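Chains as they are written, first to last, in the working numbering: chain A, 1 to 258; chain B, 259 to 615.
Hints listed in this document are in silico derivations from the structure and should not be mistaken for laboratory results. It is possible that some hints are incorrect.
Claimed, not checked - DSBU-like cross-link-like pairs, simulated, lysine-lysine; straight-line CA separation at most 30 angstroms:
1. K460(B) x K210(A)
2. K210(A) x K305(B)
3. K461(B) x K305(B)
4. K197(A) x K461(B)
5. K609(B) x K586(B)
6. K209(A) x K242(A)
7. K197(A) x K460(B)
8. K258(A) x K194(A)
9. K460(B) x K480(B)
10. K209(A) x K534(B)
11. K305(B) x K420(B)
12. K201(A) x K149(A)
13. K523(B) x K609(B)
14. K460(B) x K488(B)
15. K194(A) x K226(A)
16. K460(B) x K196(A)
17. K201(A) x K461(B)
18. K460(B) x K209(A)
19. K196(A) x K461(B)
20. K305(B) x K209(A)
21. K534(B) x K586(B)
22. K258(A) x K210(A)
23. K461(B) x K480(B)
24. K201(A) x K460(B)
25. K209(A) x K196(A)
26. K420(B) x K523(B)
27. K460(B) x K194(A)
28. K210(A) x K461(B)
For clarity, every value in this text was computed on a predicted model and none was experimentally measured.
Below, each chain spelled out in residue letters.
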Amino acid sequence: MDTTIIKPENLVYQRSRLMTDQPLSFCPGCGHGTVTHLVAEVIEELGIESEVIGIAPVGCAVTIYDFIAIDWIGAAHGRATAVATAVKRVLPDRYVFTYQGDGDLAAIGTAETIHACNRGENITVIFINNGIYGMTGGQMAPTTLAGMKTSTSPRGRDVSWQGPPIDITRMVAMLDGTYYVTRQAVHTPAAVRKTKKALLKAFELQREKKGLAFVEVVSNCNSGWKMSPVEANRWMEENMFKFYPLGDIKVDGQLLIK
Amino acid sequence: MGEIRLMKGNEAIAEAAIRAGCDAYFGYPITPQSEILEYLTVADPEKHTGMIVLQAESELAAINMVYGAAAAGKKVMTTSSSPGISLMQEGISYMAGAQLPGVIVNVVRGGPGLGTIQPSQSDYFQSTKGGGHGDYRLLVLAPASVQEMADHVKLAFDLAFKYRNPVLILSDGIIGQMMEKVELFDPIPRSENLPDWAACGKKNRSHNIITSLHLDASLHEKLNQQLKEKYARMQRDEVRYETYYCEDAEYLIVAYGSSARICQKTVSIARNHGIKLGLLRPITLFPFPSTAIANLAPQLQGILSVEMSHGQMVEDILLATRQFPALKVEHYGRYGGVVPTPEEVYEAFTKLFIQFN
Chain A
1 MDTTIIKPEN LVYQRSRLMT DQPLSFCPGC GHGTVTHLVA EVIEELGIES
51 EVIGIAPVGC AVTIYDFIAI DWIGAAHGRA TAVATAVKRV LPDRYVFTYQ
101 GDGDLAAIGT AETIHACNRG ENITVIFINN GIYGMTGGQM APTTLAGMKT
151 STSPRGRDVS WQGPPIDITR MVAMLDGTYY VTRQAVHTPA AVRKTKKALL
201 KAFELQREKK GLAFVEVVSN CNSGWKMSPV EANRWMEENM FKFYPLGDIK
251 VDGQLLIK
Chain B
259 MGEIRLMKGN EAIAEAAIRA GCDAYFGYPI TPQSEILEYL TVADPEKHTG
309 MIVLQAESEL AAINMVYGAA AAGKKVMTTS SSPGISLMQE GISYMAGAQL
359 PGVIVNVVRG GPGLGTIQPS QSDYFQSTKG GGHGDYRLLV LAPASVQEMA
409 DHVKLAFDLA FKYRNPVLIL SDGIIGQMME KVELFDPIPR SENLPDWAAC
459 GKKNRSHNII TSLHLDASLH EKLNQQLKEK YARMQRDEVR YETYYCEDAE
509 YLIVAYGSSA RICQKTVSIA RNHGIKLGLL RPITLFPFPS TAIANLAPQL
559 QGILSVEMSH GQMVEDILLA TRQFPALKVE HYGRYGGVVP TPEEVYEAFT
609 KLFIQFN
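Chain B with its partners taken away, still in its complex shape (with noise of 0.2 angstroms):
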């Protein structure tokens, strides 16, 4: 068993780095995930494990640095919040266009805008649907406690370089936040072997170049059709999801990261109330859950997506269950920081689907 320690989201993501075998941390200040540069500067693991940590002067020069590390063939993170990641959209289009791994956290608050310090979920386009510039997809990875905030710093960077590609783990400043529980995995060393793409030095090999120009257009076709298809096996391979009370629900909440948390009570307190809901928690937003989701839906009466944004992931259940076109499929959110409770989103839930029947 691993190590167990009371942690802040924010803390485990940054302790779960230094545990990953990270090379490089490059951030800079945003609420409300500072408390992860803070956390790696006074740990300062470049004693102990090498790992480099260095405060960007912003979030531009951060996912710059970035992508020179990961360039290099390093194992290499960086995480902001909404404001911040926005600015770093044109680094991470860079990334995916020069096939770089790397992995960004988003501690998602509020927007449009400098909005609010207070939790959202208002991100999800911007996560998964490309964000920056060009046809891309990230692998976006959503925790729900801070347990997971830890393993999937883990598993972001093993999926980074399994694809080549950036991950992002879309959390939220609600498990940024708050304390839990956690379970260390145990730490993994650096690894000093750098792959045979990166640009490192020409040692013993022809030379490396890594860009993302092709001002050819039928080999910049061609670099868009690798890409087309690593997003696909991705879709393919890496679908993640937890069900939680759906082998004989009628009903179906869908949500992801917080609101998730808040609506395993509302499945609670429908079940006790003799309603058949359940919970489906897609853990990768891209990749998304689609087939699991048209799997269930020849036995339910409705799906009901639960975001704290204005709908944003029920076009994607739409999506989904488009060969269901009588299924009911409503969104339910509150936005600008404010937190749904248990209880509205049940009473949401009874107006939408159960009163009208």
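In isolation and in its complexed conformation, chain A is listed as follows (with noise of 0.2 angstroms):
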């Protein structure tokens, strides 16, 4: 084979020296294993590897601390942020971020979210939000959108007596301590890189101590959406979008929705 085309000056793009051998855990064409390699990526470009602890949560990213050589806390479900919080406070020239899912971050987790939010707890919240339980099997999240059918809404969720999907980061946006609120996402070559723009932006405002950066990734379970990777981000684009559109919504603490 002809190699003469690797060099140094030819490379356009290159897996994060912060990855691990590990292969990663989640669903081919989910968004996970995108975002996983964007924060490898971010937190390589900082230069900021050895003062980082991520906190990882229960749900399909529950081994991401295998995937990412940096130090990580495991946190009971739903608690990232609350472990979060003491890491911060007791290590504050330190980097300090969660990585959760909606059911996690949205369901069991809200009181700790919504608190470590009005805190303004200087850390970074990055929120993977499929609209379903993946890990234990597509559950209904607070996510899920009305009519969609999961296992636990098999007749697609009727709000009427299962409430309406959940809007938390516009809930949060709307906190004092929330600094920088972004909803994204990594269906597309450009969503990708305006996402890894956004997780850029809530580390260096971490390292400016700016307050609490909240970061979401709306994303695609085709597992759980029976659904093949290109139809799910179609499905997302004609069906999550709708309700969760990307783009910023606070910054450098102005919220820019009504």
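Grab the two chains, each in its own frame, and use the hints to assemble them into the complex.
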């Protein structure tokens, strides 16, 4: 094979050296894998790998600590922001972030999420919202869209008795403690680049001690949604983005929405 | 000699935490122990020692904050009372599973449920047999005075780090609220050194992962084996107890915490009646002083477990004396927030052991 084109000046992308050799546990086509790579890239590019502590959730990303070679603490289900609060308070010069799904952050961990945001903890919250409990086999999440079929809303989520989906990102944006709140996606190369920019900004704000940065990534769950990855991304664009529109919600402590 | 003060038990806990070089305290108000959080926020130790004090949104958040600070290698403490401690069981189990040091204080009130705000000793099973899910043990200290409330905080931190295990101080509403003279130990400076296992940023080493999750059952069995051996080491090396008039005792009361204070008087009453009664006060409830009790058993005609509960510790006494099936072991207790008097304990003792002989 002609390898003459493999030269440093021709390099357009390489895997972050912070990624371990452990194969990712996420389903092929799932947004989690992309975001995990982005987190590793951002930490590497900022040169903070020795100063960062990640708080892992319970859910599909429960073993994320096997994939990125930084210090990690595995939290109990929903408690990541309480754990992060303490780590940041006792080690204020370190970078602390949580990586959580929608069941973890917006159902069982709602109190911890709201209060960490309200206190303005100087941490980064990375929130993967795919509208379903992926790890346990596709049950209804607080973020499941109206009418969406899951294993525990087999006839579609009926808002008359199961309640409407919760937009927790909008909720935390209303709190004075949050400084930067944004909603992104990773379904196209352009979206991936935007998400990476948002993550970079979130960690930089932590360096500047500006308060809590909250980055939601609306993602697919092709296994839980029972779709191919391509179909899942199309469905996400057509349905999820209507209820969870992409873009910045709060920048520099200023709300951009009504 | 250390500084002498007249303090409430709860205040002694708080002052001792600052003096023990504690790095962080996370708590949530609940009667009868809210003075601890209040004392700490008034003292504002962050200004003096750098100790962080934060009021959490719930006991659940508080214990997970403790989990986080402990995972970062810091000396961390929380305090609560029975209903709050029940809420904390999730985090305590995770701490035991992830082998994290930390100090938890339970100023016990009567249960079950919301119960009462009056003192009780009804959380013995929860404290010594596990409490949360999974096979684990806490090292459990039972102070019987305001002095011990202070001293046990320092001891608890030492033991927590020695074993990388949560340590529980099992107090109650009497000791928390009563005032006594206490000699405070000299302050120990906070240490900036973090243990090599801590998740605090991987400077000059490979990365650390703090977790209680092991999806591979054979690995998880190994972890459980390690825990089991650790608890056995505690049973071998950390048993603490105090004896009172036990040398010639023919009868023995076993009581801890407030009940032990009450039963000291019961011993005097019995001795005045010519009855050779002694008292053994467990200071550690896990590990339980089983051997000490078994060693006394041959000289005894009966053992009375006095607890402010339906009878929980009595089961450990029965286990400790199973080589002596003829030995009569009984329980006497008041519960639901009612505290027994020395006289009524004496009366119960004579009814159970003397009148029928």
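To see whether the hints hold, each was checked on the structure:
Straight-line distance between C-alpha atoms of K460(B) and K210(A) comes to about 24 angstroms, which keeps the hinted pair within the 30 angstroms bound. Between K210(A) and K305(B) the CA atoms are separated by roughly 22 angstroms; this keeps the pair inside 30 angstroms, and the hint holds. Distance hint between K461(B) and K305(B) is fulfilled; the C-alpha atoms sit about 28 angstroms from each other, no more than 30 angstroms. Restraint check for K197(A) and K461(B): satisfied, since their Cα atoms lie roughly 26 angstroms apart, inside the 30 angstroms limit.
For the given pair, K609(B) sits about 13 angstroms from K586(B) by alpha-carbon distance, which is consistent with the 30 angstroms threshold. Between K209(A) and K242(A) the CA atoms are separated by roughly 33 angstroms; this puts the pair beyond 30 angstroms, and the hint is violated. Between K197(A) and K460(B), the direct Cα distance comes to roughly 25 angstroms. Compliance with the 30 angstroms bound is thereby established for this hinted pair. Between the alpha carbons of K258(A) and K194(A) the distance comes to roughly 23 angstroms, so the proposed pair stays at or under 30 angstroms and holds.
Taking the CA atoms of K460(B) and K480(B), the gap is near 26 angstroms; set against the 30 angstroms cutoff, the hint holds. Restraint check for K209(A) and K534(B): the C-alpha separation of about 68 angstroms exceeds 30 angstroms, so the hint is violated. Annotation: proposed proximity of K305(B) to K420(B) holds, straight-line Cα distance about 29 angstroms (limit 30 angstroms). Taking the CA atoms of K201(A) and K149(A), the gap is about 36 angstroms. The hint is violated against a cut of 30 angstroms.
For the hint pairing K523(B) with K609(B), the CA-to-CA distance comes to about 18 angstroms; that is within 30 angstroms, so the pair holds. Straight-line distance between C-alpha atoms of K460(B) and K488(B) comes to about 27 angstroms, which keeps the hinted pair within the 30 angstroms bound. Distance check on the hinted pair: K194(A) and K226(A) sit about 27 angstroms apart at the alpha-carbon level, within 30 angstroms; holds. In summary, the hint linking K460(B) to K196(A) is supported, as the alpha carbons are separated by about 23 angstroms, within the 30 angstroms threshold.
Restraint check for K201(A) and K461(B): the C-alpha separation of about 23 angstroms stays at or below 30 angstroms, so the hint holds. Distance check on the hinted pair: K460(B) and K209(A) sit about 21 angstroms apart at the alpha-carbon level, within 30 angstroms; holds. With a C-alpha separation of about 25 angstroms, the suggested pair K196(A) and K461(B) falls inside the 30 angstroms cut-off, and the hint holds. With a CA separation close to 20 angstroms, the supplied pair K305(B) and K209(A) stays within the 30 angstroms bound.
With a C-alpha separation of about 16 angstroms, the suggested pair K534(B) and K586(B) falls inside the 30 angstroms cut-off, and the hint holds. Pair hint K258(A) plus K210(A) holds up; C-alpha atoms about 23 angstroms apart against a cutoff of 30 angstroms. A C-alpha spacing of about 29 angstroms is found between K461(B) and K480(B), which places the hinted pair at or below 30 angstroms, so the restraint holds. Of the supplied pair hints, the one linking K201(A) and K460(B) holds, its CA atoms being roughly 23 angstroms apart against a limit of 30 angstroms.
With a C-alpha separation of about 20 angstroms, the suggested pair K209(A) and K196(A) falls inside the 30 angstroms cut-off, and the hint holds. Of the pairs offered as hints, the one joining K420(B) and K523(B) is violated, with about 36 angstroms between alpha carbons and a cut-off of 30 angstroms exceeded. Proposed proximity of K460(B) and K194(A) is supported: the alpha carbons are some 29 angstroms apart, at most 30 angstroms. A hinted pair counts as satisfied when its Cα atoms are at most 30 angstroms apart, and K210(A) with K461(B) qualifies at roughly 25 angstroms.
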